[in-house]
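For reference, the chains in residue letters:
Number of protein chains: 2
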Amino acid sequence: MPKMIRVNMSELSVAYQDLPEKYGNLAGRALTSTVICDEVPADCHPLGPNNKVVIAPGIVTGTSAPTSSRISVGAKSPLTGGIKEANAGSRFPCQMARMGIRAIVIEGQPKEKGYWALKVTMDGATLEPADEFVGKGLYATAPLIYQKYGDKVGFMTVGTSGEHKMSMAGVCFNDTEGRPSRFAGRGGLGAVIGSKGLKLIVLDDEGAPGVPIANKELFEAGRKKMIDALMEHAITKPKGALNSYGTAVLINILNEAGGLPTRNFSAGTFEGAAKISGEALFEGNKQRLGKELYNHACSPGCIIRCSNTWHNADGTEMVSCQEYESIWAFGANCGIDSLDATGKLIWLCNDIGLDTIEAGDAVAVAMEAGLLKFGDAPGAVKLLEEIHKGSPLGHIIGNGAEAIGKTYGVVRVPTVKGQGMPAYEPRAVKGIGVTYATSTMGADHTSGYTIAPEILGVSGKVDALDPAGKGELSRNFQASTAFIDSSGHCLFIAFAILDIPSGFQGLIEECCGVLGTQWSANDVIAYGMDVMRKERAFNEAAGMGKHHDRLPEFMKYEQLPPHNGVFDVPDEVLDSVYGGL
Amino acid sequence: MPKMIRVNMSELSVAYQDLPEKYGNLAGRALTSTVICDEVPADCHPLGPNNKVVIAPGIVTGTSAPTSSRISVGAKSPLTGGIKEANAGSRFPCQMARMGIRAIVIEGQPKEKGYWALKVTMDGATLEPADEFVGKGLYATAPLIYQKYGDKVGFMTVGTSGEHKMSMAGVCFNDTEGRPSRFAGRGGLGAVIGSKGLKLIVLDDEGAPGVPIANKELFEAGRKKMIDALMEHAITKPKGALNSYGTAVLINILNEAGGLPTRNFSAGTFEGAAKISGEALFEGNKQRLGKELYNHACSPGCIIRCSNTWHNADGTEMVSCQEYESIWAFGANCGIDSLDATGKLIWLCNDIGLDTIEAGDAVAVAMEAGLLKFGDAPGAVKLLEEIHKGSPLGHIIGNGAEAIGKTYGVVRVPTVKGQGMPAYEPRAVKGIGVTYATSTMGADHTSGYTIAPEILGVSGKVDALDPAGKGELSRNFQASTAFIDSSGHCLFIAFAILDIPSGFQGLIEECCGVLGTQWSANDVIAYGMDVMRKERAFNEAAGMGKHHDRLPEFMKYEQLPPHNGVFDVPDEVLDSVYGGL
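These protein sequences, in sequence, are chains A and B. With the numbering used here as the guide, the letters of the first sequence map in order to residues 1 to 581. With the numbering used here as the guide, the letters of the second sequence map in order to residues 1 to 581.
In short, the hints are calculated from the structure, not lab data. Where hints are given, some of them may not hold.
Remember, identical chains collapse to one label, so a pair may be satisfied in a single copy or spanning two.
Using 25 Å as the maximum straight-line C-alpha spacing, the simulated PhoX-like pairs for lysine-lysine come out as follows [as the list claims (entries may be wrong)]: (1) K373 with K113; (2) K389 with K556; (3) K113 with K556; (4) K136 with K275; (5) K113 with K152; (6) K111 with K373; (7) K111 with K556; (8) K3 with K344; (9) K3 with K286; (10) K113 with K344; (11) K389 with K373; (12) K546 with K534.
Values in this document were obtained by computation on a predicted structure and should not be read as measured data.
This is chain A alone, in the form it adopts within the complex:
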């Protein structure tokens, strides 16, 4: 019988329970969002005793399905004030799934300050004092965790930003090689965990029974189709775009499209783009290592293997991973054209436990506010160090782009529902603007990645600059994404399965194989829409209506070079996205 673990931080107690039958087919995002809708009062304070954190691996996580070791973390977000799901790939999800634990629910809040670690083995779960891990950078903390609990454990932790309850605190997981480098980054869920006095969860899956599979034949058939699609598609195949350049392959592409937000969303192209591109990263590593380096897997069983490392001039490792979003956030968005600089900043984000997107957005708004100049990489480093220290300036930056904008009276603040925008300019890529505006998550590319057709020509090519048809496009992407986020697969499978129909069929068969269901393609889209509907209802009960489904005002009157367009998707189209559910 699959289990849930309830961790009551008010009473410092832990209890196992059977997964309620009604949650039988729910996993990943579908499960975290459903439990939150069922148990968290929408009007609660995100950092108060009535919020809950729900952690759940996906449907096929822990099986041999490729690229499926993803975990969803959910709560009411202190950044957006709405429901939040953020997910990450790491060791942790497949361990948790193999141990038969479908969800961990963290509730309550200790009266006294202090930090605890939740240790979960096949013998049970216990809370133990964790003060020894507090106040440190995560690169210093990780070895202490391995020393105490063994180096095979999967862990989830928060950095000093989470201890400070800052709204850009992400949730950190260790990667396949033990780095504290994979984040369920967005929405400040690290602050919610910090507010509960929980510093750490460690999993030791020795003796775990593995994930039961209801229909092995169907699962195997699906898995094979999925593997074939991933191995075939130009973006996901070995030595393909992602394996060679990582997600940073997008820097040059977006720059050419005029959709690479530059200097706090004041332009769509960056003159230094080539220097911070995936190609430059590949060449730089080659030069510094004397050989070509292809990327590695962030989590067990991934065959896309897109996680890069960046090296110092002497060939030692500086940081993993320089993602597209992270390079952009500190690069083009801050006017910084050096991979050594972005690498240092990303390392700091990992160390402090920050969402790199929100951190880059916040630094850029600070630049706009005049606290430092665009292009000032050492200044950006100093700002992030303030977050770790918990100084007043650190607290401002650590609460994200909206907070720094509000604190300094800045008008050009690229946020929706309080969350900073990712690396795609809505005035140059209209569909992603619809996703930013309407997503239940605030400005979030991963919740409806219309970049696939608008920029990459995946699943056909649509005109990025044309506002027409973008409401429906975004809704369809949002629905399929909500299902993928529940399946346990990394979203990057989408490139392959959108272009290769058998891959999509494989996804469905894998899930049906595990659960013993008989879903059609329509069923899984309906599953995704059901997740969207629940999340939307939570947000409405938390006070969000259609007026929150809007981009910031400046994008409607400031023309963006080089295309000199404004965001012109009509409000009625934005309203139709969830209105049409």
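Use these hints to put chain B onto chain A, whose structure you have.
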């Protein structure tokens, strides 16, 4: 023909226009809110080019009606994100009204940084550079203004907090004796003015024709009834409660009722209340001056005369005015039991241009966050000085209670719609809680002062602790208040006219006399409800719904000593307040 002045800060131009006919009977709050609804896009950024500031004296302002030199300042608020009207009594309103100017509308935004002064005489209005007044405390600025423009001018200005575009920046007016001490304080309207590069408006009313009165006989009859009522009522008469003790007379009363918010709304009584009471203020002055001191008028023609001064031990003046709200904000709410300490803090608020309520709430939340201890008066002084300096910590505090709470992850933050609560505890005085929750202004006692019946027994006595009937009570008070705020009278006339029916009739006759209308009591309530309806519609278009008409969550689960109650007015009752309009 009555005029409006339009000040276009994008083009640095000024234009007179006739007051549009449709605005004929509108003045004060009714006019500011109507112009904002008509001209300001509800979704605009409050500090961006599309917001407007509207300044309007009331219907009878500038006439001989007693206690009527009030001015309304309106805009979209950077603090609440909704519509805002704040009003003040001073020289300025009657001068403006007598000059035939029914409204000044400030629009646009200069591209380059810089500050301007608007000078208005009977010869016209001009914009001139005002950089000489920038960056200074207002007590140092006022003499410079009189030196340049003459000491009879009425002025409106913003302090360094407004220059920094902080959300607790109020709008400062000079009192009858020239002090920069009367504020349209709430909602951060000083930041909006600062964002427009406007530092100062000076009025010189030499040669002003005065306010035309359509029906002099009716006006005089009304005026006499109003004067009689004010001179008779125990609260408003000479040497009555307000004239003797100022608004600070309420400290002991609220403390006894268990409704004096103490140490950031964690208790309803303050052990040091007697030391900061109106009675202590009167006795302290008597001791230091060697004679009894009754209060003075903040504005020409006021016969209530409630504005106090507080003196140093050597008999020199420290500050005017120690209002109830201001003493409470830094006193009970911060655990400080000294009128010398509150006096110093209020002086600083005047000097920097701060809303004392929001400032006190912010300091108390900072105390809750652990930045300083409750009771630490020197620490509070240092915090306010940071605002003037514009340091990061100053920027956090300067943006109000919600900002400091959010920045430091504090859960007990006493705000509604982002605005800090005034000096009445909703868990001990339920009706005022309904007003805080539902007012279009955010937490604001003046928008529906149910304290009158709940605590003072004015217009009958109702049980403050009983939630029953409080929806209707608040709605009625909100409607009549919206009319009084439009009439130009100080809200304090309400004590007299609620208890003395002929006083209320006098109010109506004064207004009808000026405008030539024939209003009944129902008509003026309908007038007030119309204002509420417009403001509500603006807020809804700005994204606020019924979920924003709620008190903070902690007031629903934290019991407040000494009555140990929570806020238990049902949500449906809150929804009925505007639902029933």
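These are the hints, each one checked on the structure:
no., hint, in the structure
1, K373 with K113, "between (38 Å within a copy, 17 Å between copies)"
2, K389 with K556, "neither (38 Å within a copy, 34 Å between copies)"
3, K113 with K556, "between (45 Å within a copy, 23 Å between copies)"
4, K136 with K275, "neither (33 Å within a copy, 46 Å between copies)"
5, K113 with K152, "neither (30 Å within a copy, 58 Å between copies)"
6, K111 with K373, "between (43 Å within a copy, 19 Å between copies)"
7, K111 with K556, "between (46 Å within a copy, 18 Å between copies)"
8, K3 with K344, "neither (41 Å within a copy, 61 Å between copies)"
9, K3 with K286, "neither (47 Å within a copy, 74 Å between copies)"
10, K113 with K344, "neither (32 Å within a copy, 35 Å between copies)"
11, K389 with K373, "both (22 Å within a copy, 21 Å between copies)"
12, K546 with K534, "both (16 Å within a copy, 20 Å between copies)"
In summary, the structure is inconsistent with hints 2, 4, 5, 8, 9, 10 from the numbered list given earlier, while agreeing with the others.
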